[in-house]
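**Student:** Order-wise, the sequence lines are chains A and B. Sequence positions in the first sequence follow the numbering used here and run 856 to 1145. Sequence positions in the second sequence follow the numbering used here and run 32 to 124.
Quick caveat, the hints were computed from the structure, so don't treat them as lab data. Cβ atoms here follow ideal geometry from the backbone N, Cα and C, with glycine treated the same way. Treat the hints with care, since some could be wrong.
[What the hints assert, rightly or not] Straight-line alpha carbon distances no greater than 30 Å define the calculated DSSO-like cross-link-like pairs of lysine-lysine that follow:
| # | chain 1 | residue 1 | chain 2 | residue 2 |
| --- | --- | --- | --- | --- |
| 1 | A | 909 | B | 42 |
| 2 | A | 909 | A | 1059 |
| 3 | A | 863 | A | 949 |
| 4 | A | 863 | A | 948 |
| 5 | B | 71 | A | 1059 |
| 6 | A | 949 | A | 1103 |
| 7 | A | 1138 | B | 71 |
| 8 | B | 64 | A | 863 |
[To be verified] Distance windows between CB atoms, simulated:
| # | chain 1 | residue 1 | chain 2 | residue 2 | range |
| --- | --- | --- | --- | --- | --- |
| 9 | B | 75 | A | 1049 | 27 to 35 Å |
| 10 | A | 1123 | B | 75 | 18 to 26 Å |
| 11 | A | 1087 | B | 60 | 50 to 58 Å |
| 12 | A | 958 | B | 67 | 42 to 50 Å |
| 13 | A | 1039 | B | 72 | 40 to 48 Å |
| 14 | B | 106 | A | 1037 | 53 to 61 Å |
| 15 | A | 1128 | B | 65 | 28 to 36 Å |
| 16 | A | 925 | B | 122 | 30 to 38 Å |
[To be verified] Residues on chain A that point at chain B, a partial pick, calculated with CB under 10 Å:
| # | residue |
| --- | --- |
| 17 | 878 |
| 18 | 882 |
| 19 | 905 |
The primary structure of each chain is shown beneath.
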Amino acid sequence: MNKWEDNKAWFLVIPVFIVVAVSAILPLMTVVNYSVQDIFGPDNRVFVGIEWYKDVLADHRLHNALQRQLFFSAMVLIIEIPLGVLIAMAMPKKGWGASLSLVLVALPLLIPWNVIGTIWIIFMRPDIGLLGAAINGMGIPFDHTAAPLDAWVTVMMMEVWHWTPLVALMAYAGLQAIPEAYFQAARIDGASAWSIFRYIQLPKMRGVLTIAILLRFMDSFLIYAEPFVLTGGGPGNSTTFLSIYLVKLAVGQFDLGPAAAFSIIYFLIVMLFCWLFYQVLLKVGTGDKS
Amino acid sequence: MSSLSWMAWTKPTAIFFITIACILVAMTIWQIKAPCVERKGFLPISTTPGDRLFIGLLSSAYIHLAWLGLTTLNLWIAFIIAVIWMIIVMRWG
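Starting from the given sequences, assemble the full structure and let the hints guide the process.
**Tutor:** Set out below in structure tokens:
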């Protein structure tokens, strides 16, 4: 039987293809078109070739934003993945406690991103904020609107509070899927808690943790709303990540040409990381350890 | 074409996208005529021709960006390097 000729699934794919074309491919093409022109108005454009790409690649603010972004994403993974696994292991496995802890852990995920920023602005205010005032009350000067380090600490705490639950829930699902027989065999062999974690739980969570790493890396790499609401990229440029810098360029300064060139470079970076993570995911799926 | 004026088309970008579209159509026809088989070349993973095209195009974009960022030489040299790289990836990747 020739599966190719009889395959009508393509007709089912066409609507998705049309939606993706209108919502993603055409705008992407437009951005490429903008990136080679100096835009003065809807009908007033001048072709400049690759000049914006040269400008953007030589822009030290872009380099700094990229470094900040990579550091931020690395910190997110270093903190959120182990913490998420720890929370998942500490959560009750059955009974009413399991349901209750699932709901409580999932709560931060239900709050809109811009509201998260507002909550943390109030929470960290040095005068009336619960945590900000408490830290200052202990004699430690803390003001996320004035000190870059304090701003970073606040952004990291907000990010960890908001998204570690996702890692915890995924790790919890991975733990729940391990058959009880593995733990019984380990107990009969007198395995320690660390051995059970190292040789049973961690290998069994490998798939979900890889997906969690992929999701958290990509999401943190594209972060915009929370730090923008919390710090606006400041103090100075200390928390200006790639997307915040891009919006400043495109909307704040209305430099559409450089912003478009920047967007294409940003897109290529994201595309590279997506592809690398996708390859890792495929290897996890096949159990290939090479 | 006035309905597409919002897309701010230029001749070079139109040629670029038409070339990409032609490559995709050619690859689709190739796939229909001779269904592809995954194979392992010098790349560290098994790839189909579509995978190799994607890898080639993405790495070509990075070759151009690196050229723009690191040198002041003519970009056509980067284009020639990228085309040679594409051929190498498609044939032996």
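**Student:** Could you run down the list of hints and mark each one as holding or not?
**Tutor:** Structure-based check of each hint:
no. : hint                        : result
1   : A/909 to B/42               : holds (20 Å)
2   : A/909 to A/1059             : violated (47 Å)
3   : A/863 to A/949              : violated (45 Å)
4   : A/863 to A/948              : violated (44 Å)
5   : B/71 to A/1059              : holds (29 Å)
6   : A/949 to A/1103             : violated (49 Å)
7   : A/1138 to B/71              : holds (15 Å)
8   : B/64 to A/863               : holds (18 Å)
9   : B/75 to A/1049: 27 to 35 Å  : holds (33 Å)
10  : A/1123 to B/75: 18 to 26 Å  : holds (21 Å)
11  : A/1087 to B/60: 50 to 58 Å  : holds (52 Å)
12  : A/958 to B/67: 42 to 50 Å   : holds (48 Å)
13  : A/1039 to B/72: 40 to 48 Å  : holds (47 Å)
14  : B/106 to A/1037: 53 to 61 Å : holds (58 Å)
15  : A/1128 to B/65: 28 to 36 Å  : holds (33 Å)
16  : A/925 to B/122: 30 to 38 Å  : holds (34 Å)
17  : 878                         : violated (14 Å)
18  : 882                         : holds (9 Å)
19  : 905                         : holds (6 Å)
In summary, the structure is inconsistent with hints 2, 3, 4, 6 and 17 from the numbered list given earlier, while agreeing with the others.
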